[in-house]
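Q: Which chain is which? The protein sequence lines are X and R, in order.
The letter at position 120 of the first sequence is residue 120 when you use my numbering, and the numbering goes up by one with no holes.
The letter at position 349 of the second sequence is residue 488 when you use my numbering, and the numbering goes up by one with no holes.
It should be emphasised that the hints constitute simulated quantities derived from the structure, not laboratory data.
Every residue, glycine too, gets a C-beta built ideally from N, C-alpha and C.
Heads up, some of the hints might be wrong.
To give an idea of the chain R side of the interface with chain X (calculated C-beta under 8 Å), a few residues [what the hints assert, rightly or not]:
1. 203
2. 359
3. 369
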Amino acid sequence: MNPSDLSQRPRLLLVEDSAEDVELARWALGVEGYTDVQVAADGPSALRVIREGLPGGDGEAWKPEWTLLDLRMPGMDGLEVLRRLREDPATAEARVIVLTSTEDPRDLQACRGMGVLGVLDKPLDGRALRGLLRAALTG
Amino acid sequence: MKRINHQPIGSGDPGRSAPPGRRKPTPSSETARLLHELQVHQVELQVQNEALLETQARLEQERKNYRDLFDFAPLGYFTVDLQGTVLQTNQAGAALLREADPSWTLGRGLDSFLPPADRAVLHRFLSALSQGGRRRTCEVVLPRAGGHGVRLELQGVRREPGVTCLVMATDITGRHAIQEGRRLLAQELEQRVQERTAQLESANRDLAAFAHMVSHEMRAPIARMEGYGRMLQDLADPGTPPRVRDIAGRMERGSRRMRAVIDGLLQLTRVSLDKACFETVDLSRVAWEAIEDLAQEGLRIPKRLSIAEGIQVEGDRRLLSLCLRNLLGNAVKFSAGVPRPEVALAYHSVEGRRMLAVRDNGAGFDPALAGGLFQPFGRLHPEGLFEGLGIGLAMVRMIVDKHGWRIRAESAVGGGSVFYVELDP
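All chains should be built: construct the whole structure from the sequences, respecting the hints.
A: Shown next as structure tokens:
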């Protein structure tokens, strides 16, 4: 699928440890028509999915076009996931949008320093995400 | 000089010695005259002699007086040659050297009384004195059995002409002890200040960590509540009672507001904890950037907007940006309802006192209620009439305080508002 095709809804990986936040995000994404969504519940599995993909139904690996990354996670947090993504040439270009329930400017600064395409407040607002994706693809 | 007459007094022939053609004085009158003259001389000599004796006695007395002054002076005086050999000293000098009689120090090297380390100091001092010119000083310690020595300040000057120096020794042990005491006290105070500062900084870090923890722990569940409120509204179908839809909406809005309050409080905490970093700031430019931010946040910027050009201040760029965003944001917000909204940032300098003024022609406020204006949550308008949490001006006040400036507001209901920031209060 061509990611610049605005009529299509891209494949999204949601990296989120809280089941409630997953439910809310899935709902908000669904309302806006984003249905091709997979979830990674922690940092290491997120890195694996982005690098290797998930086994797809048609034998092809499912790889996300965009990753929605929660910053606060037990163990490996979102900032660490970002750092590792950028270190690995295979994933250095991965498109990441950060989801946050913190407004700590240091975290946001760190994210911007690592080439994040946007920062969205929780609870995830589907329309805000669509605006961000549109801006990223056309800008 | 008077010519001496070799003729014996009262002898010889007066007639023979007289020059020719002049009246000859009689021998007896000549003798009497000479005799008188001599007697006068003799008296004069006696008078002079007495005067001399008197002067000598006075001089001797004065010399003795000065000698006493020298001998009993509280300071030690030494006359030394350029090698430091004592040629003369007074009682105090001898006492410093632990000798009962000044004469016992004579001929001894001043350095022989000093510890080896201070001998070099003395030699340098004497060498400097031998160059002549100005007065020199140095400090040496005379050792004393079983304790601290006597600290001496030596002041010396070379005697001109000659190869001797006068050295004055002052016991500065007490003075030195006081200075040392002061130094130790200052050191101790400095250390205490550092300790307190460290404690304070640690407390501030704890507070910041606490704020961060609150940020996550409270904000996350509130965000979920907001999300579920929205979800509930989405789930509503034509059969859902309007009351349920309404409650879900209130839930969402209430949660969103709570989230904003927490964000505001955290921002306030951070502003109060952050150290300001001062530099020269182009405030006009910061103001335009603030206007751009406000426009991006969806505020309608009035056409009649004026920002004074070239305002330069010493301040923290980030904090000032936050400050102007709040002041200009308020001006834009509160003037939005009038037919021809106007917002201005002006800069005045009257008699060297600089002042910023943020003006609008909006709703204004009752000056009688202005007391709580700069307090957190000190809203003057009913909730819903104007957006906002009442945290902005508290933050503005905090930032202005951090710069050592002063802020005040003037307004009348319906007559617009002016916020003055005095940069030289």
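Q: Does each hint hold? Answer for all of them.
A: Outcome of the hint check:
1. Using the Cβ-Cβ criterion of 8 Å, the hint placing residue 203/R at the interface with chain X is not satisfied: the shortest such distance is roughly 86 Å.
2. The interface hint given for residue 359/R holds, since its Cβ lies 4 Å from the closest Cβ of chain X, which is under the 8 Å cut-off.
3. Because the beta carbon of residue 369/R sits about 7 Å from the nearest beta carbon in chain X, less than 8 Å, this interface hint is met.
Going down the numbered hints, you'll see the structure goes against just number 1.
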